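Q: One-letter residues, chain by chain:
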Amino acid sequence: MAETKRAPNQIVKLALVLFLVSAIVSGVLGVVNMFTKDRIAELEAQARAEAYNAVLPWDGEYVNVEYDKEAFETVDAIAQAGDEGWVVELTFSGAQSSITAAFGVAADYTITGASVISHAETSGLGAKIVEEGFLSSFVGQSEGMAVTKDGGTVDSITAATISSRAMANAANTAIAAVKALG
Amino acid sequence: MNLKKQFTEGLITNNPVLVQRIGLCSTMAITTMFFNGIGMGLSVLIILTCCNVVISAMRKAIPNDIRLAMFVVVIAGFVTIVDLLLQAFVPALSASLGVFIPLIVVNCIIIGRAEAFCQKEPVVPSFFDGIFQGIGYTLVLLCMCIIRELLGSGTFGAGVFEIVDGSFRAVLDGSAAGIRIFPEEFGATIMIMPFGGFLTLACLLAAMQYALRKSAEKKEAAARAAKVEVVKEAAE
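Going line by line, the protein sequences match chains A and B. Mapping of the first sequence onto our numbering: position 88 corresponds to residue 88, and the numbering continues sequentially without gaps. Mapping of the second sequence onto our numbering: position 45 corresponds to residue 45, and the numbering continues sequentially without gaps.
Here are the simulated PhoX-like cross-link-like pairs (lysine-lysine), alpha carbons at most 25 angstroms apart as the crow flies:
1. LYS13/A <-> LYS120/B
2. LYS13/A <-> LYS60/B
3. LYS4/B <-> LYS219/B
4. LYS227/B <-> LYS214/B
5. LYS5/B <-> LYS218/B
6. LYS5/B <-> LYS214/B
Facing chain B, according to a computed beta carbon distance under 7 angstroms, are these residues of chain A, among others:
7. LEU14
8. VAL25
9. LEU29
10. VAL32
11. THR36
12. ARG39
13. ILE40
14. LEU43
15. THR158
16. ALA159
Looking from chain B toward chain A, a few residues come up when the C-beta cut is under 10 angstroms (computed):
17. THR32
18. VAL74
19. VAL99
Worth flagging that the hints you see were computed from the coordinates, not collected in a lab. Given the structure is predicted, the values throughout are model-derived calculations rather than measurements. The C-beta atom is built at its ideal place from N, Cα and C for all residues, glycine as well.
I would like the entire structure built from these sequences, with the hints used as guidance.
A: Written out as structure tokens, the structure is:
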């Protein structure tokens, strides 16, 4: 292992070269980020607005309300849409990584709609949670939802039980969180 | 520099997936629909070409001891740029490929080409190496997508092509439903699951080995025949 013995100044030189290249790359990334971040944020806000409107149509403003953050860790926000009900936004773990979804909860504590804002589920399998056919099976359901595979009434997606189950659990949490508002 | 040789190598005789057998993970993971295949293929093609050019240009300045670290920094930089651009301008693709775009950083094709080709060759051949190896990768992805999508969900070209009211339509935002070949209920879901990826890739690899061996045997036979001719002529 004689090869690994190097003069200290050579190690310093290697570190400097690597530092320099990393610094240049970081600089370039900073510039690209500057140009894209507004557009990415805009797209995200747009996706969120569309999701809110899809789960609980409401002409007025969605007003964020306070809730028990410790009891409902997965809940990101609860927005009240007048007397119509609430939109609950949650981030919870799916099969691959976290899923962010919004559920509309009516004044009688039933689900008015579900929408996925972002996810990274397996393409072609778990990624089907965004499809209308799956999301519409939540509409009209009340607390205690389970996927068909577990004897419930929410259609589970073939070969994506974990993702489907995560969505059903999130819907239950959404209703529970709204009920806890009092 | 031999463009024609590089072209055949990238696409066939030294295809990154089917012959070098690198980049297999993403090949099996994302090939569930046509849109993913074309998006992933093009992303890798662009990143590979950029990395090849930059690494080749820096090849004399890169100290040998830390070359792998340098390659990874350059690759990670380009991958992040492409990731940000996709998020901003092709959000559908970004959502569909998810974590597999950032994972291109550890795609062996890119670091493999840097190590095997770009650190020795000038910029121009490295540029074409990136293009041809990228096309080779994309073609394999598309083959996998077409086979798995057809057998798994009974469609062709999901996300890119569709037939609306009898007229053919191609879109680039991934919203197309695909051309239905047979009803979805008859599809073998197993084909779009990871298992189907292994199965399809194995079949393609086997077919490629068969074809390469056939062509090698043919060449050998031709060479032998030519030798016999020469010997005959000499005898006369």
